[in-house]
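**Student:** Listed in order, the protein sequences are those of chains D and G. Position one of the first sequence corresponds to residue 48 (our numbering), numbered consecutively onward. Position one of the second sequence corresponds to residue 25 (our numbering), numbered consecutively onward.
The set of hints was computed from the structure by calculation and includes no laboratory data. Treat the hints with caution; some may be incorrect.
[Said to hold, decoys possible] Covered stretches of chain D, going by a simulated chain G footprint (3 or more residues, C-beta under 8 Å):
1. 230–239
2. 291–301
3. 325–335
4. 341–354
5. 513–520
Since the model is a prediction, treat every value here as computed from it, not as a measurement. Even glycine gets a Cβ: it sits at the ideal position worked out from N, Cα and C.
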Amino acid sequence: MRKRWFWSATNGPARVAALLLALLVAPTAWGATILERTVVHTIESGRTLLEEVHLRVKIDSSEDAQRWSPYYVALDENRTLESAKASVRLPDGSVKKVGRRKQDTLEINASGAFHSSESYQEIAFPHLPVGSILDIRTVVRVRPYFSTGRIALVLGDAVASQRIELRGAPSGWRWTLAGRDDRFTIEETEDGLVVRSRGLATHEPPAMATDAQRQGPILFYGWGDVDSWLEVAHWYENLLKPLARRPASVAKMAREATAGAEEKGDQLVALTRFVQEKVRYLAVEVGVGGYRPTAPEETLERRWGDCKDKSLLLIDLLAEAGIEAHPALIRASSTGSVNEDFPDPGQFNHLIVAVPTEQLAGTQLAGVEAEDFLFVDPTQDRGGAAWLHPADQDQLVLVVRGTESALVRTPLRPQQEVADLRVNLAVNEAGGAAGGASLELTGRHAAAILDLAEEATSSEKEAALRGLFGRLLPGVDVGVVSWSPVEGDLPAISLSASVSIDGLIQGERGSRSLRLPGLTATPEARRFKERDTAVMVTPGRTRTLWRLALPAGWCLPPTGELSTVNSLGSYSQKINVEGSTLIVERVSELDQRRVEPANLPALQELSLAEHRALRRRLRLRCGESLSRLAGAYRKR
Amino acid sequence: MRSGLCPAKAGGVLLFVIWVAFGGPLLAADDFPPITEEERQLTEVDWDPGASAVVLLREGVLRFVGAQGTKKSSILTVRVRLKVLTEAGREEAGEFKIVHNESLRLKEFRGRTVLPDGGELPLSEESIFRRRSSRSQGMYLTTAAFPGVVVGAILDYRYEIEFKSVFHLDPWEFQSTIPTLRSRITYHVPQELRMQIWRSDPLNAGIQSQTDRGKTDGVVNAWAERLPAITDEPYSRPRSDFIAKIMLVPVRLRGVNLFSNWSSTCGMVRGIYYAGAEHKSKEAKRKAKRLVADLKVTAQRQRAERLYRFVRDRIETVPRGGVLLTEKQTLNKVIKERKGDYADKGLLLAFMLRAVDIPVSLVWAANRRAGTGDLDIANPLWFDRILVRLTIKGEALVLDPSAPELPFGALLADYEGTKALVCRHTPPQVIVLPEVSWRENRKLAELSLKIDDEGRLSGTGKLLMTGHSAQIHFANDGKPAESWREWLEERMGDYEISDVVVAGEVDEGRLEVQWRMEEHLEGVLGDEVSLSLSRPLGPVEQRFTIPADERRSTVVLDFGKVNEVKISLAWPPGWEVDLTPGGVELESQVGAYRLAVDVDEARRSLRVSRRMEIHSSHFKGRKDYAHLQELWSQAAKGDAQALVLVRH
């Protein structure tokens, strides 16, 4: 699979490409039976790799036919098709070959780049009635950019018989099976290994799965000298060597962009902001250009580039300001991470910048005091140097720094990802309420909304805000809405609306009750019940504050606080009364990204506390104690 | 993945899908006319405030083959100048994409960026990328990334297209998704070619034009100025319906009628495309006769149904629109390969019906989501599908064999009520395709629930669907029971769904799903039960969020329909109804919403009835829009209510 140094997108002309990508990497609704799958990778003289694939697939439904035809073979500047043969045995026993006329070569940017060298051999089968059996044999010659390879051991469909083989491995080769399980029989041979399996069921990853769970077990293998993370860093440094560094134009720009900034911290902020905002993101990936950046001078002149172009430019700009910075290879993903046990540049999909913090002592930048590196992502166009997108957080990152290169972990900053909903209403005698609501966001949600707002018309923004408050507060009538970016170190936006809700409080005196919707930070417990594998969640903070001015003489609930705190975070609900104003505050904090099975009870505890409190109605009964509320936390 | 952070750009307004080929050398960037002081000073668009970028000029010159300056090809020259006004505009304007093929060629393409300080950056060859997106179809994609795109920058580009034909049935669009200062098109038409001018200006942008008849060529000039951006409104007709545009339709060449009227257009298409396909059709004819061999000649409906099902189910649909056939297509080939596009399948069905002596007509139809054609102009490109019309025992039927989810005689909702053309030897006829009543598009969900001693809700459910409400689900039913289980768990929220049974066939026009449901233990409070009154068909959210006085266009929904939920609930001793939602009853010309709860405390049971009707798919005018807003508002409020029972 082609290396992806950027994130997938939905650009118009790539709709076919997006579909193709979906077919290649993220298929769902598996149903066909792979009768036989043989994959043989042969390392030839340590320089090239021959990938031979043979598939026999039984089509069990019309959906299978659509998923398997056309069949695509991924090619690139370093991946050439040696042969592609296909035929189908129809249910009546006749065999039809898929000739060259039924094959096409598509040079499309399935991975979302503006331009790339990737292409696909498309093999279109004729009409495939249920019961047809496809036979596909492809051979691709690869000139790898680094001496590693990988083979997925499961596809989505069920596999009756499978043989995965590696041949020609030179001495000193290495391998690992990520997600090892006993469905596979592994046999080492003289020059490689064979992995056999029979009767593999359909691969259906659970909800909130890690990338590894989604992909299933993968055989990683490597040969040659690149066998440690230090060597991977060295490989990348060699890739950068041909590039002209720190040209005069970059020095001039560094001076201009940092004019007036005396402190290093201020200079770093100014230069980061310059690259983030003035050099637009655009990915062009041709051959090894998918890994090697453009020279900083060219990036600066044309004012566009992808993550590696922007990172290298920023590193050079910082160098001109006397700030040491290094390329940092990272796997940007909200649900995945690098397999630490197998040094391989192919595991990364993104490049950011690592700035040693020792030179930034005394600055106000987040994390500088506590961490060895400040990580900056110049492809973010919001948040400057203070904010790191959650997909970059809590990730193993290879800081490329000569002999000091090392795999380190980026920080986790849930406190930067905040959603704060405040609803301030006056309640009338009939139980209806009117007033205002606001939603303050910082972090990724704010960045996403700011991006959308920039491209939307006033009318579109207004409609979107009405829809948003309508979903947050079911049954609400939304009046005037407004939005405004909030200046600061983090991406932040404030959204507000005048709102009214008929029948917010229902019932007669003595039996009045209300249910207060709100934001949540935890997933519902049913989504991970009976789970024995890790669960990926979204760290962050949510707060919902209701202030309800009740009519005179109405009963008020008892005040008090219920809270749950554990190793993953916390949830609390506070009920207060100020005069005749009822104040209900709910705060939820989730501090981890990956929850291991041992911690799932803690996640369940938080989830039950939060979701049961949301589900339970609050009763306005004179003299009632908190005991009923406490029922929300009763374990079943 | 993080598409919010690192998206590849869509190309925005510059995503012109032009069927051209890229070639020729890049010329020097100094060919562009000088920047005017007005262009340099412009920082905001007063006729479209807040715009991120503006098209300063979009100018085209189309010389049809035979006009002065042409040899063997028609030539379209396009020049565009635009300016970036905000940071967002950089993203929108900085990239350029062209899809093209081998039969039309681009003779030159060049561009430049003029920086705010007057500095100039040419669009270098290294920043222009060409890819062969399909080798077999000769398709290409050429992209370009402009350098130095900053706020205040002016981007110039131009290109020239050659095509060996007088047929250019794509209109010149004066507007795009960003505002336009000036847009202009000049047509040079050779004397032997007669053209009909067609224009569309639904929002009164103000197209002006001038026609001159010179010594050798006719010249048509059309222009418009200070045009606002055309943006989408939710639940509306497609954007292309609102764009000001012009087109010259070739109606006569050296005495030969071209697209002068529907008779000549139909005649041309039949002669050039259909006759050739039907010429090689022995296998199709044989197949048709074999399929109905056991049916009496008088059993016309059964014969028609059988052939319809064969083409619908046994010939795979290639999702490619249009009424013209691909090159060298034949009906035998469609039969042999068992696949065909909308035109192939429509033509095949018509041919097979005729082969068994059932008279039919071809109907050219257009999906309303793709834009509305003006049928006063005989342009075959208005249409994307061939349907088949026939009359059996006095009943007029229109068949669509390209949609596997449609029963005999049904149409997709997006075609119902649209204008279509009966393309036949006798004068073609514009018709309106039939539309089924909203009452026939029905979803009825019936839930039978009880509360157990633990305070847990459980029971059974049944969902009955008819009409379009059933058809949309037939369209994607790979694993029906599993798909419905997932759908129900999503829609029911707090319940585990099991024992799903799906019954119903496409040809029955109805679909029924039954299931068992049980509240997830984690959600059970033990002493309190809240019951949603609208699931699985609700809750409704207000979707008409633009104020009525700002709404510009007709509201277009999928189809008129009725969705109904009926719930019966029983509870054990020790429980009581704590909160009964208020009833709602609203009826207007656009639809209705009714919610009623009937509690029988003595029998410890209750019944809920919730019904939402939408009486049409199209709603014109602000009055209807206000009614829609009110309907959705009341439905959202009604659906937001909960029925609450507590243990006392």
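**Student:** For each hint, tell me whether it holds in the structure or not.
**Tutor:** Evaluation of the provided hints:
| no. | hint | verdict |
| --- | --- | --- |
| 1 | 230–239 | violated (count 0) |
| 2 | 291–301 | violated (count 0) |
| 3 | 325–335 | holds (count 6) |
| 4 | 341–354 | holds (count 6) |
| 5 | 513–520 | holds (count 4) |
Violation of the numbered hints given earlier is confined to hints 1, 2; the remaining hints are satisfied by the structure.
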